[in-house]
Structures are given as C-alpha cells and as structure tokens.
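Novice: For reference, the chains in residue letters:
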Amino acid sequence: MEKRRGAVRRHPAGLTGALAAALALVALAAAACELPDGRRLDTPRLALSYRTVPERIVAGELFEVFFAFCPKGGFKPAGELKVDATMPEHRHGMNYRPTVAPAGTGFRSEGWMFHMPGRWEIVFEVDGERLADSVSIE
Amino acid sequence: MSKLAAGLLALLLAFPVFSQEFSKEELRAILRHGPWPAPWSPDPSNRVSGNPAAIALGERLFFDPRLSPSGKVLCATCHAPFRGWQDARPRAFGLLEADRNTPSVLNVRYARWFGWDGAGDSLWGQSIRPILEPREMGGSIAATAALVRGDPGLACRVERVFGAVPAEDDAVVVALAKALAAFQETLVTGRTPFDDFRDALARGDREAMKAYPEAAQRGLRIFVGKGNCSACHAGAAFSNGEFHDTGVPFFVAGGGVDPGRHGGIKKLLASEFSLLGRFNEDRGGASALKTRHVSLEHRNFGEFKVPSLRNVALTAPYMHNGSLATLGEVVRHYSELSIDRLHADGEKLLLKPLRLSEGESADLVAFLETLTEKSSVLPPPRPPDEACAK
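For the record, the sequence lines run as chains A and B. The first sequence lines up with residues 1 to 138 when you count with the working numbering. The second sequence lines up with residues 1 to 390 when you count with the working numbering.
Okay, chain B solo, but in the shape it has when bound (with noise of 0.2 Å):
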C-alpha cells in the first residue's frame, strides 16, 4: 500500500466522511421534521383532556366489549395495541368489513382531522363514530347511555371524571367519547433513529450523525428532494394534516366509490357531534375556526387524508383501502404513478412519477424504516382505582 493510501485510509478511521453533505435548503426541510416528541396542549374542546381520571376511564372503555351489543368488538379490535394500535388488515373488520383501512391511533392527538376522509374535527367526535358504524361496532345512542345507567362501576366512574352521569342519552356518549379521547391522547410514539439523526444535525454533531445508516441518509435527500415527500408529508409528525388525491383506485367492494374528503366534510357539517355544535367545551371558540372555514370543493373528491409516517415501517398494509402491502409497494406505487388516475390538475402538478432507480427506491424505504420508534412511550400513571365498584 502506498503511503499515500495509507494516509487516506488512517485520515479516514480517523475522521470517518460522513457521505451525504446536505445542502442549506435540504437542512432546513429536515429540521422542521422535528423536534419530537411535538409539543402538545390539552384539547381545549373537552375538559377532561389530560385528566388522569378521564384517561383511566377511557383506557377500561377502549378495551370494554360492551360498547358494542354484540359483545365482540371493542375499540382494540382494529387498534389493537401488539398491532401498532391498529389491525394489519387491507381494511378494517369489526362486525363486517369496512371500506377503509384502520389507521394507527399513535400520535392522533397532533392531528387537525380525524378518519382518512375528515370527518371528525375532534377526536372525541372521531370516537363517537365507530360505535355507531353498523359495520364496526354496531351500537346506538340509546345502547351506549343505558350500558351506563345499567353499570353501578362504569356510571360511577363517569360521575367521578364528569361529575354526574349526563341526562341526555347523546350527552352521556360524548362523555364516553371525551374519556376516549383523553386515553388516546396518551398514546405517542417514541424517538425513533431518524429523529436522533435530525437532532444530531441540529447541533452539528457529527460523530452522533454516523450513527444514521447511509442508506436512509440516502433515502431522506430523496424524501425532502426530488421525492418531494416532504411537501404533504410535512412537519413533526410527517403529515400536513390535510386531504389529497394520490391516484390510489377509490371503488369500493360491492360497487360504488368512496367519495373521500368530500363525504367526510358533508358528513362533519352534518354532524351533531362537530366542533359547532353543543358539545364543544371551549369557550373561547377557536377550536372551531377550521370547522367553520373548511371549505367544500369539488376537487375533494376521491381525496384523504395524508397520514403521518411515523412508526410507518409496524403499519403495513398501506393507503386508504389497504391495497399496498409494503412500503417497497408504496414507493413503487409513486416512482410509477399514473397521473391520469388524479384527477384534480394541482395534484397532476404535485405528483409526477418519480422514476426511481431500484437503488434509489432501497434507500426510500431505508429511510422510512427509521421512522420507527426504538422504544415505546409508556402511558402515564393511572390514579387508583378503588372508589368505584369494579
């Protein structure tokens, strides 16, 4: 060996080369995909967000049988816990098989909408909707209230967090629905490598950098780059939050199709349970300004929500209806997209194909792996659970 490569190869033992130098523009979109965990406020629209009672009640109601009359569905039949919190399936299965794929209940405290077409504003409102869906759990307003009533255990613990079990029927399954909410807000997921890597950069550490596999430092250039990923796969939680068209087929079993967004905003201003109506606690009122300047297009069809990426890699299958089963199928799916399956022309301006080398694609999906948690966040504490009858 030369001196000269010798010299090289102890220059870099030394003074291993990070390999990808990102540019000022690539640094600054992948910082804003942090810091995590996000911060996080109470839901100001129901006041017993972030109770420690409310979150006890609604962790017994998640895994309560009852909630359906069948007695066999509960909540964590399709968010089931050992599954990501949700259910492995193209698409979800409660009492019969639904149209949509169930989404992780991970993280949802950060979301602005909730279900893949929007049409819940709150998560407790979001909460309300699969005890009532004929196909999940099946259950009615008038179930739900008398399974209260008729349980001295569960309508204490209702008095306990509300204060009295509510007299109205509709009211005593929004407080359900709050003391769900409350639970599910808990429910985080953990640092995963790639926000090591993010933080790492943020302080120039490049001796943590390494850490990172260059294969995924590969496939993040191409997210926030040529990919353009990151345009609605944005910030912490890798979701902007809203609804698009990504030329995924929105026919559904048995005929028809899946209107989407456009559904789910008729069905939200429809709704009793919205942000505008009876049940939202704030006061002040801003909780509802999004509910109240959504605005319903026409373009909104066929569109649904862009979900967050985190933990991504333990969420297979993929996509609304659950018709990619991996996140090779995923990438793949944009690398060869048809965009004369959008059918809005903004999309057909946001979405070309990508036209990614094999390589290339590796690298994606070697990034989108590090979007997973190494370790779960533990729930809080529980206070103590004697008062009531269990």
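Pulled out of the complex, with its shape left as it was, chain A reads as follows (with noise of 0.2 Å):
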C-alpha cells in the first residue's frame, strides 16, 4: 500500500527510459483549462493532476495513471510528452514502460508497475517541465 508525500521536485536530468508521446498539446493548452481532482503537483509554469487507478498502488500488479494538466503563466507547451516512474534510492526505474493516449480533457496512461516496496517517483514531463510526486510503497 503507498503512502504519498506531495513533493515537487525539478530536476535537470531528462526522464530516464521515458516513454515519449507526441501529442499536440498546444489545441489543450489553448482550452479552458480546470484539473479534476486528483493528486495536485504545480510548478511556475504547470499545474497537473493525476490519480491512478487502482487508487491504492500495491506492489508488483499494474495500475493505470490519469492525468490533466493546466500552463501557466503564459507557458505554451507545444512537444513532447513523457511519463515514467523511478526509485531514486536505488537509481533504477520501471521494468514496465508506460504508454500514454489522450482520454478526455485529459491523458490516460497505462502499463504502470512498481515491482518492489520502498520510495517511488512519479514523474511528469510536458515539453521540458517536469513534475515529480513521492509514492512509498510497503
């Protein structure tokens, strides 16, 4: 079971074996932008939410991420984006490489698996802006 911790975190080090996915991100960004409700994550120039499905994360069994996000400050991402999920601790990532399509006014991403217990790192990449949200898994 995971215990969350609302961390955001930005580092300059690009998504180690992310999945990209080009999406024409502009058209959404232009929309008028509100985040269902999930786990919250802001930086200047983004804001997202996500929730997984199953809510509760248990170790070793796939689960699904959805997500939405909002720019900010005139941020106008118009590339790529990724997802992906490491442990720091152990400096090594997912063995499952998650896919990412868009699902509403939002994304749906599956083929998530944290196969071991401990400290995970959901990342988020929009076009160069990355959020990061702490999961621990028991």
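Treat the hints with care, as some may be off.
[Unchecked claim] Beyond 12 Å from chain A on every Cβ pair, some chain B residues (computed): (1) P35; (2) D99; (3) T186; (4) N228; (5) G241; (6) E242; (7) G254; (8) A389.
[Unchecked claim] On the chain A side, residues computed to face chain B include the following (Cβ under 10 Å): (9) R51; (10) P54; (11) E55; (12) G93; (13) T99; (14) P102; (15) G111; (16) H115.
Think of the hints as simulated: they come from the structure by calculation, not from any bench. The beta-carbon is built from N, C-alpha and C at its ideal position, and this holds for glycine as well.
Using the hints, put the two standalone chains together into the complex.
Specialist: As structure tokens, this is what we get:
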C-alpha cells in the first residue's frame, strides 16, 4: 500500500526509460483549463493533477494513471509528453514502459508497475517542464 | 533460590516470554507474507484453466514420455513430485544437460513470468518450451501434433476438453500446453510453520506464537530488517515475480554467457506463443498488458527471476545455475557478496554484503526452513476417465 508525499521537484536530468508521446498539446493548452480531482502538482509554469486506478498502488500489480494539466504564466507546451517512475534510492526505474493516450480532457497512461516496496517517484514531463510526486509503497 | 528468583521463574513458566517483540514496521512487513494459500483465479488466457477434465488430461501428459520423441524424457523427469517437483540437480538434464537449475512447479500458478529469464508470459506458453528444447525433450510441433492424431485415446481426451482436435499443428500443441498448465495450476504448497506464526501475529495470539522456534523468529527479523530480503522475496509467495542481478556468475559450460532476462524478453517478444499472439483466449486483453509494456533494458543482462522461497528447504541446489548446494551457502553468498560482480548501479545500492555473524546466519537458515510445508496439498479430485480408450 502506498503513502504519498506531495513533493514537487525539478531535476535537470531527463527521464530515464521514459516513453515520449508526441501530442498536440497546443490545442489542449488553449482550451479553458480546469483540473479534475486528484493529486495536485505545481510549478510556476504548469499545474497537473493525477489519480491512479486502482487508487491504492500495490507492489507487483499493474495500474493506470489518469492525469491532466494546465499551463500557467504564458507557458505554451507544444512538444513532448513523457511519463515515468523511478526509485531514486535504488537508481532504477520500472521494468515496464507506460503508454499515454488522450482521454477526455486529459490523458490515460497504462502499463505502470512498481515491482518493489520503497519510495518511488512518479514523473511527468510536459515539453521539458518536470513535475514529480513521491509515493511510498509497502 | 531467593523469593524474587522463584517468583520470576514462576512468572516465566506461567507466561512464557515471547522473546522477539517486533516493531510495528516489522509486524507490517511480516504480515505482508501472507495469508497462505493466497487467493487465485483461473488464467483468462486459457479457457480450460480450472477445468477438471483439462486438469486430468494435463496430469496424464505431465507423466507421458511420448511428448519427447526419444520416449525417455517426461515433464516429471525434471519436475519430479517426490523431489519437490524439481530434480535436485544443479542443472536440468533431459536429453542433455542444460544451463540452468530446474525450478519447482509448485505455486507456479501465482507467477507473472515463467522460467529463470521470464521468456514465458503464461504457464501454457512456458509449457511448450521444454517440449521443443533440444536438450530437454527434443520434440517438435509436428511430432507432438502427430502424437495426438495417432493416438485415439489421447485425441478423444483432447476432444472432450477442447471440443475437437485443432486442425493446425501448432494449435494442437497449444491445446496440450493449456491442459498441462491447468494441471500445474493445482500444485500448491501447504501451510508452513511460518504461516501459523504469521497468522497468530495477525490475531495477537501469543499462545500460538510460542510454537514458532526462537531462532526462526530471529531469522525472520533479519529477513524483513537488516537483510532486506523481503524487498525482492516479497509477498505471500516470497517473490516479487521480477528479475535481479544477485552477483551469481552467468558464464555457462563450454563458454559464453547466459543473458538472463535480457535474452528472455527478446525470446518472449519473438514467440508466437506469447500473450500478444493469437492463442491468447483473454478477450478483454488485460492478461497481455504486462507483455505489451515490458521494457527491454541493458540492465536486464544477467538478471534472473526472484524464486519463491516456499518449500525452499526441499529444492536444493540453489540460484539460476544451481551453484549453491545448501541454504547455508546461499546465506553466505549474500553475507559476503562481492558488489564488484553486480553490473547494475541499482543493484549495488540494493544489495550490500550483510556481514552476518555465524549465529545470525544460522538464524536466517532456521527461518528459511520454516517456509517448508507441514504437509502437501492434495490435488483436486479428477473426474471419471472412462469415456476414452486408455
């Protein structure tokens, strides 16, 4: 079972083993932006909310991530969307590579699995803008 | 004896002290290794999973030497029931010696990946591999299909389970493999002294806890604590079902190296019998998600599957190449681990030499020995098998 810390971190390094999904983000950014309920992450240029399905992440079981984001401060993302997760203390990522597809006003990402207990970092990167959330899996 | 000492002795006799008081964190970690048996549901990729007639057919096939054209090797040659469903050899020996140790098929129904390299993503897909492997049973798709078509009794049983003998040879082999899988899914280890202790802890039954040896309790504390063993040997089956490099050499006899998981993923994605192929009967498609998303990484080279530890005392020798003869040697391996042998940075952070004392090593072995079943689980009753010729 996971415990979450609402930490938002920015890292200069790119995502390891991340899947790039080239998406037309401009249209999304231009629309009136309201984030659905979920874990909220913020940077000066971006707000993002996400939820996992199932809500409780269990070590060794696949789960999905639904997320949406809103640009802020004139940020106009037009490039890549990446998602990934790592165990910072172990310096390794997942054994699985999630995919991302548009879903409603946001995105659905499937193929996530945290195969070990411990602290994981869920990472979203929107056109280079990085948001991360720390999740502890028992 | 002083009155005080006599009083203490009386207290101890009346309320024997439970010596290992576990912290809340340790308790949570211990409870995650149960309950046992763990829940299970039939394999959606195999429509005869859990089907009694398929189980009966699978059992026949498991002990049928004709699956090898040599007539000399059967599944049970390596997966011998009286040896914990493995062969007690360092490396498997069918027609010839292979490169890896034979894993037990007990509890295989709980696995996500199959084989030391995870080249199989279903139990039925994995069941095809040894039939075709030249060093194991040395068969072929055509020879296996011909066996069914040429044996009225066997063909009758396949018809009873699947409705008809499939027209295509590879579909015949898949049908046999699905029956073999249905049988192997019934092979589950029984409850262990650890399970009784774990459940007693869960309900706070100190009287029941006392039956669990103190050395095993101390070993359990190492297992979930300083040993960090449960990071990979996780859950009720004592395996996270994934792959790690544990510093065991991966050179094979005659030269060359065993690529482990790296080669396993490549084989999996090239196989017509994977869950991405046409033989997957899971119309919802959820069973294939793991295969669709599995990621081939350089670090997978030399990684091998984390084995379940249930019945571990009955399944020597150990590690993917059977290079360690006893549980004591396995504990010594992790106690004196050479991190220079680990090729992935992550493993170097996860695995460190435990530097256990002699007593701690003995305690850890004592704990591992309590993961052995007290008595075997009997397979479910088979339906009468009179409709088809013997």
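Novice: Each hint should be assessed against the structure and marked as holding or not.
Specialist: Cross-check of the supplied hints:
Non-interface status of B/P35 relative to chain A is upheld: no Cβ of that chain comes within 12 Å, the nearest being about 15 Å off. A cut-off of 12 Å between C-beta atoms confirms that B/D99 is not in contact with chain A; the least separation is 23 Å. The Cβ of B/T186 lies farther than 12 Å from every Cβ of chain A, with a closest approach of about 23 Å, so its non-interface assignment holds. For B/N228, the shortest C-beta to C-beta distance to chain A comes to about 10 Å, within the 12 Å cut-off, and the non-interface label is violated.
At roughly 6 Å, the least C-beta separation between B/G241 and chain A is not larger than 12 Å, which violates its mark as non-interface. Taking the minimum C-beta to C-beta distance to chain A, about 4 Å, the non-interface status of B/E242 is violated against the 12 Å cut. No Cβ of chain A comes within 12 Å of the Cβ of B/G254; the nearest lies about 30 Å off, and the non-interface call holds. Here B/A389 stays apart from chain A, with its beta-carbon at least about 45 Å from theirs, past the 12 Å limit.
Look at A/R51: its Cβ only gets to about 19 Å from chain B, farther than 10 Å, so that hint breaks. At about 13 Å, the closest approach between the beta carbon of A/P54 and any beta carbon in chain B exceeds 10 Å, and the interface hint on this residue is violated. Interface hint status for A/E55: violated, as the beta-carbon distance to the closest one in chain B is roughly 18 Å, over 10 Å. Residue-level restraint check for A/G93 holds (minimum Cβ-Cβ distance to chain B is 8 Å; threshold 10 Å).
Of the supplied interface hints, the one on A/T99 holds, with its beta-carbon coming within about 7 Å of a beta-carbon of chain B, less than 10 Å. Interface hint status for A/P102: violated, as the beta-carbon distance to the closest one in chain B is roughly 18 Å, over 10 Å. Because the smallest distance between the Cβ of A/G111 and any Cβ of chain B comes to about 3 Å, under 10 Å, the interface hint for this residue holds. Checking A/H115 against chain B by beta carbon gives a least distance of about 4 Å; that is within 10 Å, so the hint holds.
When the structure is compared with the earlier hints, violations turn up for hints 4, 5, 6, 9, 10, 11, 14 and for no others.
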